[in-house]
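Participant: So the chains spell out like this:
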Amino acid sequence: MSSTRTVTVASSQGLHARPAKLFVEAAQAAGAEVTIAKGEKSVNAASILGVLSLGVDKGDEVLLTAEGENEEQTLDSLETFLKTDHDEAS
Amino acid sequence: MPELSGIGIGRGIAAGPVARMSPPPPAPADEASELSPEAETDRVKEALSEVAGELEERGRAVGGTARDVLEAQAMMAQDPSLADAVQTRLQAGKTGEFAVHEAFAEFRATLEQLGGYLGERAADLSDVAQRVIASLRGLPAPGVPDPGHPFILVAEDLAPADTALLDLDKVQALVTIQGGPTSHTAILAREKSITAIVGVADAAELTEDEQIIVDSVAGIVYTQPSAEQIRDAQARRTAREEEAAAPLTPGTLADGTAVPLLANLGSASSTDQAVELGAEGVGLFRTEFLFLSADEAPSVEEQREAYQKVLQAFPGQKVVVRALDAGADKPLSFLNDQPEENPALGLRGLRALMANEQILKDQLTALAQAQENTEADVWVMAPMVSTVEEAEEFTALAKQHGLQIAGVMVEVPSIALMADELMSRTDFASIGTNDLTQYTMAADRLLGSVASLQDPWHPAVLRLIRQVGAAGIASAKPVGVCGEAAADPLLAVVLVGLGVNTLSMSPAALADVRAELKLHTLEQARSIAAAALTAATAAQARESALSVAQQS
Numbered sequence: 524m525s526s527t528r529t530v531t532v533a534s535s536q537g538l539h540a541r542p543a544k545l546f547v548e549a550a551q552a553a554g555a556e557v558t559i560a561k562g563e564k565s566v567n568a569a570s571i572l573g574v575l576s577l578g579v580d581k582g583d584e585v586l587l588t589a590e591g592e593n594e595e596q597t598l599d600s601l602e603t604f605l606k607t608d609h610d611e612a613s
Numbered sequence: 300m301p302e303l304s305g306i307g308i309g310r311g312i313a314a315g316p317v318a319r320m321s322p323p324p325p326a327p328a329d330e331a332s333e334l335s336p337e338a339e340t341d342r343v344k345e346a347l348s349e350v351a352g353e354l355e356e357r358g359r360a361v362g363g364t365a366r367d368v369l370e371a372q373a374m375m376a377q378d379p380s381l382a383d384a385v386q387t388r389l390q391a392g393k394t395g396e397f398a399v400h401e402a403f404a405e406f407r408a409t410l411e412q413l414g415g416y417l418g419e420r421a422a423d424l425s426d427v428a429q430r431v432i433a434s435l436r437g438l439p440a441p442g443v444p445d446p447g448h449p450f451i452l453v454a455e456d457l458a459p460a461d462t463a464l465l466d467l468d469k470v471q472a473l474v475t476i477q478g479g480p481t482s483h484t485a486i487l488a489r490e491k492s493i494t495a496i497v498g499v500a501d502a503a504e505l506t507e508d509e510q511i512i513v514d515s516v517a518g519i520v521y522t523q524p525s526a527e528q529i530r531d532a533q534a535r536r537t538a539r540e541e542e543a544a545a546p547l548t549p550g551t552l553a554d555g556t557a558v559p560l561l562a563n564l565g566s567a568s569s570t571d572q573a574v575e576l577g578a579e580g581v582g583l584f585r586t587e588f589l590f591l592s593a594d595e596a597p598s599v600e601e602q603r604e605a606y607q608k609v610l611q612a613f614p615g616q617k618v619v620v621r622a623l624d625a626g627a628d629k630p631l632s633f634l635n636d637q638p639e640e641n642p643a644l645g646l647r648g649l650r651a652l653m654a655n656e657q658i659l660k661d662q663l664t665a666l667a668q669a670q671e672n673t674e675a676d677v678w679v680m681a682p683m684v685s686t687v688e689e690a691e692e693f694t695a696l697a698k699q700h701g702l703q704i705a706g707v708m709v710e711v712p713s714i715a716l717m718a719d720e721l722m723s724r725t726d727f728a729s730i731g732t733n734d735l736t737q738y739t740m741a742a743d744r745l746l747g748s749v750a751s752l753q754d755p756w757h758p759a760v761l762r763l764i765r766q767v768g769a770a771g772i773a774s775a776k777p778v779g780v781c782g783e784a785a786a787d788p789l790l791a792v793v794l795v796g797l798g799v800n801t802l803s804m805s806p807a808a809l810a811d812v813r814a815e816l817k818l819h820t821l822e823q824a825r826s827i828a829a830a831a832l833t834a835a836t837a838a839q840a841r842e843s844a845l846s847v848a849q850q851s
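The listed protein sequences correspond, in order, to chains A and B. Counting in this note's numbering, the first sequence runs from 524 upward without gaps. Counting in this note's numbering, the second sequence runs from 300 upward without gaps.
Next comes chain A alone, as it looks inside the complex (with noise of 0.2 Å):
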């Protein structure tokens, strides 16, 4: 079993720099097994190589798939998380 959730990525930055290393922060928190893909490319959000290999960009379409423990929730937050701009809250 396994949940997914297309996202539209609202941070300035996209997923570089400090958004990135704060999502993949929330990845390795979730009890979940999580990746994001963009178009046909997908990796381990734990992985802040692999996040930052995908080049996302503010408006960007992204695709979450949870599987394991608590799956829901943890799409809940970490769509939060891409729909909130970091650059301007920090």
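Read the hints as simulated data drawn from the structure, not as lab findings. Be aware that a few hints might be false.
Unchecked claim - Below are the DMTMM-like pairs computed for lysine to aspartate or glutamate, each with C-alpha atoms no more than 20 Å apart in a straight line: (1) A:K561 x B:E411; (2) B:K698 x B:E688; (3) A:K564 x B:E411.
Keeping the supplied structure of chain A fixed, place chain B upon it in accordance with the hints.
Facilitator: Quick look at chain B alone, frame taken from chain A:
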């Protein structure tokens, strides 16, 4: 107390504990491991977590945006995708070092392909890889150390990137094993006013955390200093800081002889700093910045505006503008971009301008207009002059365009040797010591393999300068120096002793030169110069000058 000697840069002094900079570990070879994949896995895991821990700790200590960079690096060390890539190689029987090296290189290539911000992260990744490999080999982490307290950095030599990133609140002084007075490190130390001694061969023996005193005036590193010596060094440091903070005075010798201290400027944006540091005018305003990035020569109007910006900052003061210095050595499509076998000896400087006279005429027109609109005392000079005829032609052309004072740069031995004849045909001479040394020593100033010859202390260079200084005195016309030599405080005194009237340098060097000049009279400066002139080598010239200077 043991003393290690080298070449001191500037007039600073510092005391503190040594922190050594380690070179990056050599790339590991692709060899079969003697350990089992499981044993290698344990070693690599331990090294990765050690490096991640160190980076996080440094991040916490530094704070700010640097913290994010360091924490992202720590995450790279612990990255699961990377761990998989390393594991694949370990299972194939590779060593931990090689597996890390290759797996990181693979990710690095991916990031580089993505370019932009990610391309920059590729360098972070290499840094992490080198740290992990150093840890696997039991070597100290490469790069500028961060012991968490002020320290004296001891290194083989510094790469430009390392020097640029130095935290000057922490680094009290630099000591390098390699390098000479005109090495990259020396030039940067002078520009940033960092206390430094370069070329200290015995610095290899200095150990981590050892207390030392770095006295750049004497060019000596004192090891095992006594408490009294440390107090004395700190007192001198405080005195020097007070000196630098004191109200700025014009450059003068101990007997009151005026030696105006001018600034070398490369663009209009650096004028504020020069004024703040007490420049009494501009001794070398390089106009290349307007031309180098252009596809065609800038218009008279554009040039006038740029020149005005600089001239406005120096009302009533001298601003010496150098005509475009480009050509074979700095190719420009609209001037001369023909490939040449020996660009330093080719169609460059005034030679290229004479071959494209309209460019020179436009520049002179723009400069004359800028002079009209401002209060500065504008002088103009030609670069790379090698004959008396060239000097005559340039001077006449500048005057036709309405510039009152026109002179030439002395950078070629032929014109230095003809100084008497030169002075009756132009208004002033300005000695460019970097090129003069290059041409006197027949050593390309950009070529590392002959860098040791690029030393303005060489008596052959000093003798040519004496010839120009003497011609200036005989004709009562001014002679200036606008080269790296003027920024070296002791050499500045020698230059004055050889008959030079004004010194021009990068603004950060002004304070040290101003302080050194005040220590000697004109008579003493002449004795110091005489001692340097009679030496047989550059090193002996510096030593002789120093020993005479310390008596005065």
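Participant: Give a verdict on every hint.
Facilitator: Hints versus structure:
no.	hint	in the structure
1	A:K561 x B:E411	19 Å, holds
2	B:K698 x B:E688	16 Å, holds
3	A:K564 x B:E411	17 Å, holds
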